[in-house]
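Visitor: Below are the chains, spelled out letter by letter.
10 protein chains.
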Amino acid sequence: MLFSVTMRVDLPTDMDPGAKRELLQREREYSQELQRGGEWVHIWRVVGSYANISVFDVADGDRLHGILWNLPLFPYMTVEVTPLAAHPSDIRAG
Amino acid sequence: MLFSVTMRVDLPTDMDPGAKRELLQREREYSQELQRGGEWVHIWRVVGSYANISVFDVADGDRLHGILWNLPLFPYMTVEVTPLAAHPSDIRAG
Amino acid sequence: MLFSVTMRVDLPTDMDPGAKRELLQREREYSQELQRGGEWVHIWRVVGSYANISVFDVADGDRLHGILWNLPLFPYMTVEVTPLAAHPSDIRAG
Amino acid sequence: MLFSVTMRVDLPTDMDPGAKRELLQREREYSQELQRGGEWVHIWRVVGSYANISVFDVADGDRLHGILWNLPLFPYMTVEVTPLAAHPSDIRAG
Amino acid sequence: MLFSVTMRVDLPTDMDPGAKRELLQREREYSQELQRGGEWVHIWRVVGSYANISVFDVADGDRLHGILWNLPLFPYMTVEVTPLAAHPSDIRAG
Amino acid sequence: MLFSVTMRVDLPTDMDPGAKRELLQREREYSQELQRGGEWVHIWRVVGSYANISVFDVADGDRLHGILWNLPLFPYMTVEVTPLAAHPSDIRAG
Amino acid sequence: MLFSVTMRVDLPTDMDPGAKRELLQREREYSQELQRGGEWVHIWRVVGSYANISVFDVADGDRLHGILWNLPLFPYMTVEVTPLAAHPSDIRAG
Amino acid sequence: MLFSVTMRVDLPTDMDPGAKRELLQREREYSQELQRGGEWVHIWRVVGSYANISVFDVADGDRLHGILWNLPLFPYMTVEVTPLAAHPSDIRAG
Amino acid sequence: MLFSVTMRVDLPTDMDPGAKRELLQREREYSQELQRGGEWVHIWRVVGSYANISVFDVADGDRLHGILWNLPLFPYMTVEVTPLAAHPSDIRAG
Amino acid sequence: MLFSVTMRVDLPTDMDPGAKRELLQREREYSQELQRGGEWVHIWRVVGSYANISVFDVADGDRLHGILWNLPLFPYMTVEVTPLAAHPSDIRAG
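From first to last, the protein sequence lines stand for chains A, B, C, D, E, F, G, H, I and J. Read in my numbering, the first sequence has 21 at position 21, and its numbers run on one by one without any break. Read in my numbering, the second sequence has 95 at position 1, and its numbers run on one by one without any break. Read in my numbering, the third sequence has 196 at position 8, and its numbers run on one by one without any break. Read in my numbering, the fourth sequence has 349 at position 67, and its numbers run on one by one without any break. Read in my numbering, the fifth sequence has 445 at position 69, and its numbers run on one by one without any break. Read in my numbering, the sixth sequence has 500 at position 30, and its numbers run on one by one without any break. Read in my numbering, the seventh sequence has 603 at position 39, and its numbers run on one by one without any break. Read in my numbering, the eighth sequence has 705 at position 47, and its numbers run on one by one without any break. Read in my numbering, the ninth sequence has 755 at position 3, and its numbers run on one by one without any break. Read in my numbering, the tenth sequence has 935 at position 89, and its numbers run on one by one without any break.
Hints were generated in silico from the structure; no laboratory data involved. Be aware that one or more of the hints could be misleading.
[As the list claims (entries may be wrong)] Here are the computed distance ranges between Cβ atoms for each label pair: (1) Ala469(E) / Pro769(I): 44 to 50 angstroms; (2) Arg21(A) / Glu774(I): 37 to 43 angstroms; (3) Arg130(B) / Asp674(H): 33 to 39 angstroms; (4) Arg562(F) / Pro769(I): 42 to 48 angstroms; (5) Asp668(H) / Ala650(G): 38 to 44 angstroms; (6) Gln401(E) / Lys114(B): 37 to 43 angstroms; (7) Glu133(B) / Thr577(G): 33 to 39 angstroms; (8) Glu597(G) / Arg773(I): 46 to 52 angstroms; (9) Arg909(J) / Arg120(B): 33 to 39 angstroms; (10) Arg562(F) / Gly790(I): 45 to 51 angstroms; (11) Gly790(I) / Ala462(E): 39 to 45 angstroms; (12) Val761(I) / Gln878(J): 29 to 35 angstroms; (13) Arg308(D) / Ala623(G): 39 to 45 angstroms.
[What the hints assert, rightly or not] Negatives, chain D to chain F, calculated, CB over 12 angstroms: (14) Thr288; (15) Glu304; (16) Leu306; (17) Arg310; (18) Glu311; (19) Gly320; (20) Asp344; (21) Thr364.
[Said to hold, decoys possible] Rough simulated footprint, nothing fancy, chain B against chain A, three-plus residues with beta-carbon under 8 angstroms: (22) 28–36; (23) 77–89.
By construction, the Cβ of each residue, glycine as well, lies at the ideal position given by its N, Cα and C atoms.
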């Protein structure tokens with residue numbers, strides 16, 4: 001099923017640059033693997049914020065929680081999850 | 095450019111059923127025409143609410159405002175607009 | 189999957205008593221049928237409010253939205269949906 | 283009586299891993315003992331958050347406060363308590 | 377057990393004066409009967425608002441909900457309920 | 471005059487245990503002296519929170535501020551003050 | 565003692581012009597009588613709002629509530645009351 | 659001096675179309691006269707809302723309040739006023 | 753022109769006592785000089801908070817910002833500014 | 847297209863004075879270069895806050911995000927972005 005997920009990131013300003021670089025690299029690889037796997041369907045940057053709006057297509061809430069909990073940036077994130085349904089006006093809805 | 099738009103609808107509970115049916119029919123046609131034209135890219139229902147989360151791909155803010163202002167349901171809506179940018183981790187970003 | 193759902197009801201104070209009684213009767217039957225069917229797992233009253241906290245076990249977001257949208261009281265409700273996952277400390281979790 | 287309790291956890295990101303592991307182990311045992319004792323009736327994870335929604339069935343507010351105050355994670359938690367009553371539509375209500 | 381309850385009243389400004397007088401009279405009698413019965417322990421006016429802060433000492437949440445739901449002014453009220461426990465510094469606590 | 475006062479405490483989780491014990495001991499003595507003096511009329515624990523709801527009966531705002539400002543825990547508190555008046559339905563009001 | 569009071573007014577847009585004029589005239593006379601009596605010490609308009617920020621110097625909370633409750637515009641107002649004390653840096657404080 | 663002003667408009671959905679047209683015409687003329695006079699410096703539409711963000715350059719708060727209070731749409735508006743000062747990085751600041 | 757200003761102070765609890773004393777002394781002198789100069793017209797303590805409500809009478813927004821920005825406590829403050837106008841019911845208004 | 851952007855700055859109070867001076871100098875140069883280039887159209891100080899309200903005229907959301915993300919003060923900022931459109935009453939609108 002589909003979920004809209006907003007993730008806001010708040011990194012400490014005094015984080016070690018090397019540790020930060022490595023953390024962001026892992027986050028990127030983790031995200032891209034899930035994108036290629038078809039579960040992380042969309043990811044957009046929120047203009048002016050260290051945040052993204054994403055859409056996930058996953059089996060259920062347990063799977064979505066597993067994905068989000070294991071994000072390398074999860075301990076620095078505030079995450080908001082909105083479950084979605086098909087819209088009756090969607091031209092692609094069956 | 096891309097915008098995330100959340101629309102919440104609050105119709106009076108005593109609206110005339112015929113007027114309501116006609117209003118919703120016009121809303122649906124208006125939305126589907128913009129979907130077919132490629133500007134209204136996504137529309138999802140928010141589970142449990144008379145609301146949708148949509149993504150628009152339009153020339154600029156003037157065009158987006160023109161589209162939203164002319165929604166048949168606009169006088170009954172609360173609309174929230176978030177400008178989007180490409181995310182550096184998006185596998186489809188150039 | 190599981191969802192926690194909070195429903196707050198706001199009926200007009202001048203509603204016709206007969207129409208109100210009939211509406212509440214339909215709501216009750218609708219709810220109890222879903223409880224007997226196993227999808228509406230729990231329903232509790234929030235002390236001091238015309239509101240309930242419920243737990244649903246449904247196939248997905250589309251099914252949950254279908255259930256909520258068809259509640260006889262839906263036009264008078266504000267609904268909040270929180271997707272749930274199994275908790276690692278739950279003694280009943282596999 | 284019944285209470286719905288939402289607990290949100292905010293651990294410092296620089297906590298010593300050993301101290302953290304030991305703290306979480308104690309939290310888990312504490313929770314499971316109360317679950318087995320029948321006072322901590324339900325515990326669910328909130329998808330995408332370090333948080334749970336629980337239901338307690340306890341003698342009174344003094345007992346509930348005693349339970350929550352002694353949670354090993356209590357100093358790192360924001361806790362919200364909602365008193366519940368039987369719902370007139372509940373098929374299991376007497 | 378003890379509960380702190382805040383009740384805010386919002387009467388329509390065009391209510392019939394006779395109906396209003398009768399409603400307030402019933403509210404007063406209802407409240408005073410519960411005060412005399414020992415369940416409605418304290419009632420104070422919030423300065424500058426049509427609101428009160430009260431303390432109830434009742435058997436449980438079901439009883440408190442029954443009391444509040446039957447307040448003649450309940451349909452015009454927003455009610456907030458906070459469960460209380462004995463405070464360790466209270467000189468009257470055992 | 472009467473005031474309802476809500477105090478929320480947020481102690482640093484890494485506070486020295488001895489300093490904390492001494493601070494809480496001073497807070498307790500300070501509170502109990504004012505309770506015995508008749509100015510701190512009620513103190514209740516908010517279930518699930520490091521917080522209390524109190525009622526003060528003091529000469530005026532200057533006196534109340536003096537009391538609160540000198541609480542040993544004041545630097546760690548968020549305090550909310552609501553002035554009270556006699557309620558017309560109070561059976562003990564003159 | 566001193567109180568800061570913010571009053572926001574929300575009159576129905578379809579109020580009868582004569583009734584409105586008469587109501588505002590009574591409000592003005594009521595306010596000015598209290599200003600001349602020394603209890604309503606200051607009244608300022610909030611720029612851009614149908615609202616005022618006032619300072620009252622009254623015997624206690626009961627007196628202030630009596631004054632506010634009897635404002636002709638009270639049924640159309642949202643009122644916020646903040647108790648004040650002398651500031652240690654005030655050059656006029658004893 | 660400069661003020662940033664946000665105006666949100668909420669017209670009743672059942673307003674008489676003729677009365678509405680006349681009201682909007684008067685609003686437009688009122689606004690344009692102040693723009694030509696140099697006091698209403700900027701006016702922008704907020705995308706997706708019946709709202710504008712404006713900048714005023716007026717003598718003082720009394721003048722600004724006089725302008726806003728006399729807006730034909732004022733009874734239907736929520737107005738937020740933010741006083742501005744020159745920014746030290748502004749290349750046009752003296 | 754007149755402004756209502758609310759200043760909330762949040763000092764670190766581990767501030768060096770000597771540095772704190774010196775800072776508060778400078779704040780006091782700074783405030784009193786502006787009070788004697790007639791620009792800082794009123795200052796009141798908010799009961800129960802490390803905060804004040806003040807009224808300023810200054811040339812314009814630039815002057816007010818200059819005053820506030822240079823408060824010794826400014827880096828530890830949250831400041832809210834409300835522009836004021838003469839109220840038509842004020843008996844002292846011309 | 848046009849965007850209104852509000853930036854709030856929260857610098858640590860214990861920042862090294864030299865590092866702070868250098869940071870603010872870079873921020874100023876960065877801002878002024880964009881002002882001279884015509885993309886950062888307006889910048890005003892919010893009276894009483896370490897904040898500014900700005901207007902940008904940029905190609906699209908990607909360009910605006912690039913500008914904001916690279917602000918030297920960005921890690922210390924909370925940024926709010928509002929897309930703007932031409933207002934039908936604007937005397938300068940075509």
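Visitor: Quick check: which numbered hints come out false for this structure?
Guide: 1, 11, 13, 14, 20, 21
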